[in-house]
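Top line first, the protein sequences correspond to chains E and B.
Read in order, the letters of the first sequence are residues 636 to 994 in the numbering used here.
Read in order, the letters of the second sequence are residues 974 to 1274 in the numbering used here.
Where hints are given, some of them may not hold.
[Unchecked claim] One-sided excerpt, in silico: chain B residues whose CB lies under 10 Å from chain E:
hint: 1; residue: 1056
hint: 2; residue: 1059
hint: 3; residue: 1063
hint: 4; residue: 1066
hint: 5; residue: 1099
hint: 6; residue: 1111
[Said to hold, decoys possible] With a Cα cut of at most 27 Å, we get these calculated DSSO-like pairs of lysine-lysine:
hint: 7; chain 1: B; residue 1: 1099; chain 2: E; residue 2: 652
hint: 8; chain 1: B; residue 1: 1266; chain 2: B; residue 2: 1015
hint: 9; chain 1: B; residue 1: 1147; chain 2: E; residue 2: 652
hint: 10; chain 1: E; residue 1: 767; chain 2: B; residue 2: 1029
hint: 11; chain 1: B; residue 1: 1112; chain 2: B; residue 2: 1020
hint: 12; chain 1: B; residue 1: 1237; chain 2: E; residue 2: 767
hint: 13; chain 1: B; residue 1: 1104; chain 2: B; residue 2: 1020
hint: 14; chain 1: E; residue 1: 745; chain 2: E; residue 2: 733
hint: 15; chain 1: B; residue 1: 1020; chain 2: B; residue 2: 1147
hint: 16; chain 1: E; residue 1: 767; chain 2: E; residue 2: 652
hint: 17; chain 1: B; residue 1: 1015; chain 2: E; residue 2: 767
hint: 18; chain 1: B; residue 1: 1104; chain 2: B; residue 2: 1029
hint: 19; chain 1: B; residue 1: 1154; chain 2: B; residue 2: 1015
hint: 20; chain 1: B; residue 1: 1099; chain 2: B; residue 2: 1154
hint: 21; chain 1: B; residue 1: 1266; chain 2: B; residue 2: 1237
Keep in mind that the hints were calculated from the coordinates and are not lab data.
Think of the CB as a built atom: it goes at the ideal place given N, C-alpha and C, for glycine as much as any other residue.
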Amino acid sequence: MSKAATPWLPLWPVRYKPLADELLSSWLIRLSHGMGLKVQTFCNLEFGNQRQVWNRDIDRFGPSWLIERLSQRTGTPLEVAHRTSLRAYDGILYRRFKSNGVLPWVLRLKMYHRTWLGHGLMFCPGCLAEDKEPYFRRRWRLALNTVCSRHRCMLLDCCPVCQAGVGFTRTDLGQPGQEDFMGQNVCHACGFDLRQAVAPPPGCLDEEAAAWLNQLWTEFEAGDFVPDLIEQLTVFHMICSLLTRRNRALHLAEYLGDRLGVEHPLTLQSWTPLETRSVDERHQLLQMAAWLMVDLPGRLGEARRAHAIRFNHLLRDFDEVPEGYRRIALSLQGGKAPAGEGFGAEHGREEHQDHDRLT
Amino acid sequence: MSKAAPDLAHLSAATREQLLLSDAERIHIIAAGAWLPLRHAKTALTKFEELLTHPKVTRMPCYLLVGPSYSGKTSILERFLDLHPPDLSPDQETTQCPVVMVDAPPQPDLSEFYAGILDALMAPYKPTSPKHEKLSQVKRLFRELGVKILIIDEIHHLIAGSLNRQREFRNALKSLSNMTKVSIVASGIEEAYNAFAADSQMSSRFVPIEMPRWSANGDLGEVLMTLERRMPLRKPSGLHMPGLMMAILARSEGTLGDICDLIKAAAIEAIRNGTEQISEQGLSRLDWVPPSKRKMYRRAP
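Could you put the whole structure together from the sequences, leaning on the hints where they help?
Set out below in structure tokens:
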């Protein structure tokens, strides 16, 4: 049976179209304020009390009922509306979407009811200052991004005055009788104008690693998601995961810290995944991982010889390992027989399981 | 068609073409009526047009269209609205809506008034929100949608409230115009004028435009000629001739709406009975109740 057609709905009198790389939540807030309504009131009127919007990470989930309605009511083509959510990165940043847990490269908001406890959204003060109407970009939700490629400064992930995470959806919540809406550039907690924040220049651990990262981000921003780029992102994320894992025999982060002259690697301060970390931690971690990526077979080999990593760490717990990476991992078996012909005793039972899974 | 051609000088070119239609279609056209470009209406429309291009000043000019019931006030306002429809193009970022028209609420209730404006703008709003929130939404939308003129019809509903409520409503109108720099065109019967005149600031701000009273003179003749040119009847009636004009004026009692209605009814009857023209006899035979007799109609023994 065919799906029932969406009933026709009239256009809204205010029907702003998404701005360049605008986030779904930012677009929705501009629309509701444009119509002179608070975001919660607007969403209750439009979607009813049964469909809650603001206690979910709508940018990550990109609910079709929400996107379709916005598309229809604003006269925006559906594909343009869809591109405002992070679901547009399905199959690019991650193989399969999942609604729970960490989604590779997507920063976590750590939502508790309608508050964001994490630092899952970044901003560039320069970009906000240049906007005619400040808005938040999709790329500011990605763990891969720590530097504003336009202003060559670090992105910020909290208010420099009160250290509260960016919660631009909350500027009009709990404000009864409010008549004028604050722009998205205002810190919801202390009212500081985020455009006035000072963003430091990005630190650099290694020129080569920085250039590699910059190249990767440039290719990603260009939007030409060729299979090579997708594979590179997958492998890069696997290496980042190796740096944040807790394992007795895994000392990759310490090793890289020594190699790159980092006295106290921020990476070591906790073992949380990349997507939950602050922008400074991620910046350091990405650079360390990028240093390995510059010459993955050679530098991983060195790390292995320095006992910073074992062969079994390279493939363990990773699903659908790209073929290029698998070849590199297998080549680091320590001169043992090629895949399918057995493993050294030092690898133990787990390595056999990895091997079985891969072959 | 060629047979009727010599007798068609009483019709406009467009109306002549309508003679080719069936009787039912011609009756439908007559009953539907059309905009009449009468002199007083054109004058009012010109004044309203000037409001559209008026620069934003501290005290925006406003008008009060005053006239008895059924004198054509709403038709003028609707005509102006039709001339300036909202731009609903989906490609635009906002609807561009230079003219908004609402009816005044049945009593001077500001919350209902603002809700009426939001309805006219097709904006979502919370019906239970307090009036100051609705006002701030109206202000925001006026700015976003480029509203220049707010038309309020039936403004005499204002008097259906206590003096305090009337004063509050008048002040709100004044503030709305001041804050948004939108010109207001209000329209109502003479009681509306009295209600506005009670407030010196309102009476000085709202310039009255009075609807004409019709009597047997050249102006009425002009109206009747215009009407005749637009009625697809095959034979000339000479509505502007003194005898027929006096008969029309007497039966319709001089209100423009009733004059039009009477002539429409007579024209429809002329098509039905095949006479194809309006005559004094036809008018006298018409089942038509003069406005002053309507309250008493059918009660007479």
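A quick look at each hint next to the structure:
1. 1056: violated (20 Å)
2. 1059: holds (8 Å)
3. 1063: Hint on residue 1063/B: holds, closest Cβ of chain E at ~3 Å, below 10 Å.
4. 1066: holds (5 Å)
5. 1099: Holds - the Cβ of residue 1099/B comes within 10 Å of chain E, reaching about 5 Å at its closest.
6. 1111: At 8 Å from the nearest chain E Cβ, residue 1111/B passes the 10 Å test, so the hint holds.
7. 1099/B to 652/E: holds (24 Å)
8. 1266/B to 1015/B: violated (32 Å)
9. 1147/B to 652/E: Measuring from Cα to Cα gives roughly 35 Å; hence the hint is violated.
10. 767/E to 1029/B: holds (24 Å)
11. 1112/B to 1020/B: holds (24 Å)
12. 1237/B to 767/E: violated (57 Å)
13. 1104/B to 1020/B: Judged against 27 Å, a Cα distance of about 32 Å means the pair is violated.
14. 745/E to 733/E: Distance ~16 Å between residue 745/E and residue 733/E Cα, so the pair holds.
15. 1020/B to 1147/B: Holds: residue 1020/B and residue 1147/B sit about 20 Å apart, inside 27 Å.
16. 767/E to 652/E: With Cα atoms ~14 Å apart, residue 767/E and residue 652/E stay inside 27 Å; holds.
17. 1015/B to 767/E: Violated. Residue 1015/B to residue 767/E sits at ~42 Å, over the 27 Å cutoff.
18. 1104/B to 1029/B: Between residue 1104/B and residue 1029/B the Cα gap is close to 25 Å, so the pair holds against 27 Å.
19. 1154/B to 1015/B: The hint holds at about 25 Å.
20. 1099/B to 1154/B: Holds, at about 25 Å.
21. 1266/B to 1237/B: holds (19 Å)
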